[in-house]
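K.L.:
When you get a sec, could you build the whole thing from the sequences and use the hints?
Following the UniProt record's numbering, the numbering of the sequence shown begins with 1 at its first residue and continues without gaps.
By construction, these hints were calculated from the structure, which means they are not laboratory data. Do not rely on the hints blindly, as some may be mistaken.
[To be verified] Beta-carbon label-pair distances, calculated as ranges:
| no. | residue 1 | residue 2 | range |
| --- | --- | --- | --- |
| 1 | Arg64 | Gly193 | 45 to 53 Å |
| 2 | Ala303 | Ser36 | 38 to 46 Å |
| 3 | Gly193 | Ala30 | 23 to 31 Å |
| 4 | Val245 | Arg65 | 24 to 32 Å |
| 5 | Ala59 | Ala26 | 14 to 22 Å |
| 6 | Leu131 | Ser221 | 33 to 41 Å |
| 7 | Glu37 | Ile88 | 17 to 25 Å |
| 8 | Leu183 | Ser36 | 18 to 26 Å |
| 9 | Gly350 | Ala59 | 39 to 47 Å |
| 10 | Gly100 | Val245 | 32 to 40 Å |
| 11 | Gly350 | Gly100 | 42 to 50 Å |
| 12 | Met373 | Ala59 | 41 to 49 Å |
| 13 | Gln219 | Gly349 | 31 to 39 Å |
Beta carbons: idealized from backbone N, C-alpha and C, even for Gly.
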Amino acid sequence: MAASPTACPVPAADAPRRYGPWAGLALSVALAVGASELHRLPALGWASPLILAVVLGIALNSVRRQPVASLPLFAPGIALVMKRLLRIGVALLGLQITLGQMQALGWSGGALIVGTVAATFVFTLGCGHLLRVEARLTRLIAAGTSICGASAVVAANAAVEGDDADVAYAVAMVTVFGTLSMLGFPLLAGLIGLGDHAFGLWSGVAIHEVAQVIAAAYQYSPQAGEMATITKLARVVLVVPVVFVLLLALPTRSAGQVGPTRSAGQVGPTRSAGQVGPTRSAGQAVGAGRRVTIPWFALGFLALVGVASCDILPPVVLDGVATVDRWLLTVALAGMGLATAPAALVRRGGRPMLLAALATVFISLFSLGGVLMMG
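P.N.:
Given below as structure tokens:
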């Protein structure tokens, strides 16, 4: 029976108990479907559904005074997709990578990937300090730029524990500048006369998102596309050691480093209601006088790389898992968008955008220099 009309907010507050996570989950899935359909349009084929899902969520919030994720009816479901589905999706990425693919790059290609990721990460941290960009946002931009875009941002946030607005802003930055790289790399490569192998290696090492890498490299040539895909997937593996380094290097929120609070202008669910970063209460190791959580999704990622490398799963299973994984990540990023207020992004100002731009220029030039030295 429908509830009687009332000015009292009690019915809205009781909604999560009546509906559980279903309302928020259904809305996130609907936005993921919309993002996938938009991706099919020729004009938006270069943009991955993950990015479009974030944009749709933020766009929906732009017509409201408060984010959808702040509504009691939707908060439990949005917290579920941002916390559980996101980590499952990141772990399943491991099935798309094999040790054989990484061996195909050779020692020189592997050294270029590791060196570029490390140098870009350190450079971005240094620039963030000089520009006085908030430390947690700086680390998320560093992870997204140096490793693999949106997936790296959300994976690194397990250690960084940034607010929802930090994650959404970092995703937005790697999307904008990764798109510019996707469009500019083929033009620049043509001017300097890069061969197919060299361009594939360069784009795989330097462009942020997997979809952006594929779009740029296959536009150049099929051979460049194949090389870029292998390079990019090998680069994705580095998200795991980066997460572990951040976990060991950063103090936890409970240890006193709390970052921005949610007392005013809250963007999404609070940490107690549906936190994005993991709590530090389970699976902990002791180090430097504090306890550090080892994220289960990182271990799962490594385990699934091993499974994929054993070649025991048929291609139809791997293709099916890859499809499911794309959907999980798209739904999760839709939830991230629903937890982000556009005003929160605008308030960040120009310095984080300048930081992302400088990081993109650095990774582009550093990796190009390495490719040219390799001949």
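K.L.:
Checked against the structure, which of the hints given earlier come out wrong?
P.N.:
Hints 2, 3, 4, 9, 10 contradicted; others consistent.
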